[in-house]
Amino acid sequence: MLEPGRAVSRPAASTSTRRREGLLAASRFSPSAWFRREPVVGWLLVLPALLVYALFVLGPLLLTIQYSLYRWDGIGLATWVGLSNYITVLTVPDLLETIFNAFRLAVFFSLIPVTLGLVVASVIHRVATGALGTMARTVLFLPQVIPLVAAGIIWGWLLALTGLVNEILGAIGLRNLARAWLGDFDTALPAVGIIGIWVLLGFCTVLLLTGMTKIDPALYESARIDGAGWFTELKAITVPSLRYEIAVCLTVTVIAALAAFDIVYISTGGGPGHATAVPGIQIYILAFVVRQVGLASALAVLLMVLVLAVVLPLQWLSRESPR
Amino acid sequence: MSYRSPRCTGVGLRSLPVLLLAVALVGACAPPGAGTTSSSGAPSGGTSGCGTAPVKLNAYFETGFDLPFKLSEEFTKQFPNVTWDIKQDQFTNLINETPRVLASNDPPDLIRLPTMASFAKEGLLKNLDPYATGFGWDKWPVPQLSQNRVSSDGTRGSGSLYAMGLNYSLTGVFYNKKLAAQIGMTEPPKTLVEFQDFLAKAKAAGLLPIMEWGSAKSGMGLAFPLQALMASLGPVGPINDWIFQKRGATIDTPSNLEAAKRLAQWIKNGYFPSDINAIEYTDSNGRFTKGEGIFTFNGDWENADYDKNLSGNTGFFLMPASQPSGKPGAMSAPLTFGIAAKAKHADCAAFFFNWVATNRTGRQIDVSVGGSNPGGPAGAPLSSVPAGSVTSETLAAGNVIGKAGTAMDFIANATSSIFAQGWTPELQKMVGGKQDAAGLLKAVQAEYQREIAH
Chain S
14 MLEPGRAVSR PAASTSTRRR EGLLAASRFS PSAWFRREPV VGWLLVLPAL LVYALFVLGP
74 LLLTIQYSLY RWDGIGLATW VGLSNYITVL TVPDLLETIF NAFRLAVFFS LIPVTLGLVV
134 ASVIHRVATG ALGTMARTVL FLPQVIPLVA AGIIWGWLLA LTGLVNEILG AIGLRNLARA
194 WLGDFDTALP AVGIIGIWVL LGFCTVLLLT GMTKIDPALY ESARIDGAGW FTELKAITVP
254 SLRYEIAVCL TVTVIAALAA FDIVYISTGG GPGHATAVPG IQIYILAFVV RQVGLASALA
314 VLLMVLVLAV VLPLQWLSRE SPR
Chain X
86 MSYRSPRCTG VGLRSLPVLL LAVALVGACA PPGAGTTSSS GAPSGGTSGC GTAPVKLNAY
146 FETGFDLPFK LSEEFTKQFP NVTWDIKQDQ FTNLINETPR VLASNDPPDL IRLPTMASFA
206 KEGLLKNLDP YATGFGWDKW PVPQLSQNRV SSDGTRGSGS LYAMGLNYSL TGVFYNKKLA
266 AQIGMTEPPK TLVEFQDFLA KAKAAGLLPI MEWGSAKSGM GLAFPLQALM ASLGPVGPIN
326 DWIFQKRGAT IDTPSNLEAA KRLAQWIKNG YFPSDINAIE YTDSNGRFTK GEGIFTFNGD
386 WENADYDKNL SGNTGFFLMP ASQPSGKPGA MSAPLTFGIA AKAKHADCAA FFFNWVATNR
446 TGRQIDVSVG GSNPGGPAGA PLSSVPAGSV TSETLAAGNV IGKAGTAMDF IANATSSIFA
506 QGWTPELQKM VGGKQDAAGL LKAVQAEYQR EIAH
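Chains as they are written, first to last, in our numbering: chain S, 14 to 336; chain X, 86 to 539.
Hints are supplied without guarantee of correctness; some may be wrong.
Now the in silico label distances, taken between C-beta atoms and shown as ranges [unchecked claim]:
| id | chain 1 | residue 1 | chain 2 | residue 2 | range |
| --- | --- | --- | --- | --- | --- |
| 1 | S | 170 | X | 155 | 30 to 38 Å |
| 2 | X | 290 | S | 190 | 24 to 32 Å |
| 3 | S | 181 | X | 471 | 44 to 52 Å |
Anything over 10 Å on all C-beta distances counts as not near chain S; from chain X, calculated [as the list claims (entries may be wrong)]:
| id | residue |
| --- | --- |
| 4 | 159 |
| 5 | 264 |
| 6 | 275 |
| 7 | 335 |
| 8 | 346 |
| 9 | 347 |
| 10 | 413 |
| 11 | 487 |
| 12 | 522 |
Keep in mind that the hints were calculated from the coordinates and are not lab data.
Just so you know, these numbers come straight off a predicted model, no measurement behind them.
Using N, Cα and C, we set each Cβ at its ideal position, and we do this for glycine too.
Please take these sequences and the hints and turn them into a complete structure.
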């Protein structure tokens with residue numbers, strides 16, 4: 014295994030020492046000894062994955078950064094424009110609005126599922142063990158198994174003016190609240206958000222529930238002896254013990270919100286107006302419909318920076334203070 | 086214990102110069118697209134047709150749209166040496182794929198073109214001028230070819246011919262005859278004022294005046310009545326100039342502003358469904374054929390659907406002019422197909438275009454399957470359609486527009502994304518009370534300029 018100390022100290026060795034080592038190694042070269050040198054073996058083991066990673070992740074990433082500095086229609090010769098694509102993204106209100114929408118969506122995709130997931134998981138953990146708990150877990154996790162496109166279409170029907178949601182509202186005497194939820198400027202984003210909650214709640218619940226089973230039951234017993242209620246237990250034991258799981262949930266769901274595409278594209282297509290337009294949709298339209306590959310790439314790079322800016326502090330927060 | 090791993094930090098610091106180097110390299114390496122060769126698309130211009138030796142035409146059609154498939158079958162029946170290798174894709178995918186397909190090493194001899202000006206400018210499409218001269222297409226009634234002409238500066242409407250229409254669709258107002266009778270409409274309105282009276286009567290009678298769609302996914306259908314109002318209240322020339330990207334053209338003209346104001350008033354009056362921003366195109370048609378809405382603005386590509394699902398009960402009229410002496414205007418766009426610049430069987434593909442417009446059976450298929458006017462030379466054989474069908478009404482209306490010379494392309498086709506980025510969101514805002522007539526035209530014009538400048 015690669016030791017941090019060794020890896021860091023090596024560059025400190027003088028050039029002449031290293032050259033001598035190299036000569037010595039060459040003069041009495043033995044394959045087995047060479048392979049036993051851990052870094053080499055390590056790199057060889059990593060190599061296939063690294064190649065694939067470089068080809069399909071790093072390569073496109075660098076290409077995207079390159080494209081973002083050009084004006085290019087995807088076919089002809091591109092012209093160098095420097096940072097002007099980035100300036101366009103940051104100054105055209107319709108493009109900037111997509112970034113704000115992504116953060117508004119993050120409330121629904123991230124904050125609510127994680128909070129709700131914590132409550133639901135602790136309830137299941139406390140009261141619904143056995144068959145009932147398994148059933149609850151399965152039902153909540155089911156949306157993860159359904160293709161998002163199918164889910165988006167079905168939700169579109171449910172939320173239509175003549176859909177089930179409005180039928181139910183009518184049946185309980187709230188007919189005046191009925192509207193085309195995905196076509197109304199005020200309700201479109203929350204309506205998409207609710208689809209997101211439905212999709213992500215199960216994921217968060219199951220992950221947090223798994224974390225809870227690892228908490229020492231003795232902690233809860235002693236807390237109960239001290240007279241702690243459900244909420245105090247949650248606050249004093251469950252949440253602090255689950256900081257890693259919560260961080261994973263937040264990371265995954267925040268990325269799902271900021272990089273959202275499928276649910277939004279299927280349910281609203283970014284409308285009405287720009288009410289649900291998110292960077293993912295705008296990047297798609299710019300790259301493949303408008304064929305402004307440079308501008309699309311600039312927005313994609315900014316989106317990546319944005320995701321990192323939100324996710325890295327989350328990771329750091331969960332690791333910084335002692336457990 | 087801290088979980089912050091010194092190993093990670095070490096790796097991060099050591100790879101930082103590598104990353105910086107990579108970013109620097111990104112700036113220094115060749116610009117994207119440097120390897121693509123642009124073919125001049127030099128035409129051979131032969132009118133020899135498909136010869137007698139076996140020819141396999143490489144075609145790229147739109148999924149779920151029968152017309153080109155039926156035409157290709159009939160063509161093979163008449164010219165057995167020609168067989169087809171047809172690939173098909175959804176229209177939305179065609180929009181993304183077309184430039185790559187045209188630039189590929191296996192370019193299609195025939196391809197459905199969602200847009201064409203930029204492809205022509207980039208040299209991806211075959212220049213059809215020699216065929217137009219050879220086959221005599223340039224002697225056909227004028228508006229047919231003009232929408233597929235692109236000049237050297239990339240503007241449409243004049244210049245060399247780069248595509249052909251398999252037929253020419255027509256838009257206007259379809260109406261439910263039974264419901265229209267309920268508001269006392271026994272024949273189509275002659276002026277805009279008369280039409281607006283009918284709309285008001287319908288609303289007062291508790292009927293939905295106009296069914297239309299408007300979701301972002303389908304694209305905003307209110308662009309249809311808006312353009313109809315523009316043509317009714319003003320000249321069509323400036324609208325076409327704007328669509329063809331003529332220098333200095335603007336959509337923000339006084340008569341267009343008046344049209345946008347009328348549309349805003351119609352929205353306010355409740356002439357459209359309240360959930361229009363969430364209605365998909367197919368749902369709108371479904372609701373109209375089930376009897377929701379007296380009128381709908383749409384095109385003759387829906388004729389078959391209306392004749393089947395609202396049989397004998399659908400009428401059609403062209404949007405009337407605002408003055409009794411005025412000419413009606415209409416959007417009439419070719420079903421555009423092109424030949425790749427590097428196509429192997431361009432002569433045969435061009436012969437196919439000529440065959441569709443001049444062969445009796447080809448023209449009959451064009452009308453019975455496609456529902457639209459097959460165009461072609463002035464004296465071309467007429468196709469037979471059942472009397473009383475809505476198709477017979479749209480074909481008759483097509484002749485009116487042809488004579489009046491008031492055909493327009495669609496304002497949604499001015500640039501490849503003016504519909505998705507301009508008209509759709511801004512008209513949706515108008516429905517939501519967040520945009521007025523003046524703001525709509527200004528916003529769309531700004532988006533238009535941003536797109537053509539890029």
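Each hint tested on the structure:
1. S:170 / X:155: 30 to 38 Å: holds, 33 Å
2. X:290 / S:190: 24 to 32 Å: holds, 27 Å
3. S:181 / X:471: 44 to 52 Å: holds, 46 Å
4. 159: The assertion about residue 159 of chain X holds, with a minimum of 34 Å to chain S.
5. 264: holds, 19 Å
6. 275: At about 35 Å from chain S, residue 275 of chain X clears the 10 Å cut-off, so the statement holds.
7. 335: holds, 20 Å
8. 346: Non-interface label on residue 346 of chain X holds, nearest chain S Cβ at 19 Å vs cutoff 10 Å.
9. 347: holds, 21 Å
10. 413: Consistent with the label, residue 413 of chain X stays out of reach of chain S, its closest Cβ about 31 Å off (over 10 Å).
11. 487: Residue 487 of chain X clear of chain S: closest Cβ-Cβ about 32 Å, beyond 10 Å.
12. 522: Fine: 16 Å to the nearest Cβ keeps residue 522 of chain X off the interface.
In summary, the structure agrees with every hint in the numbered list given earlier.
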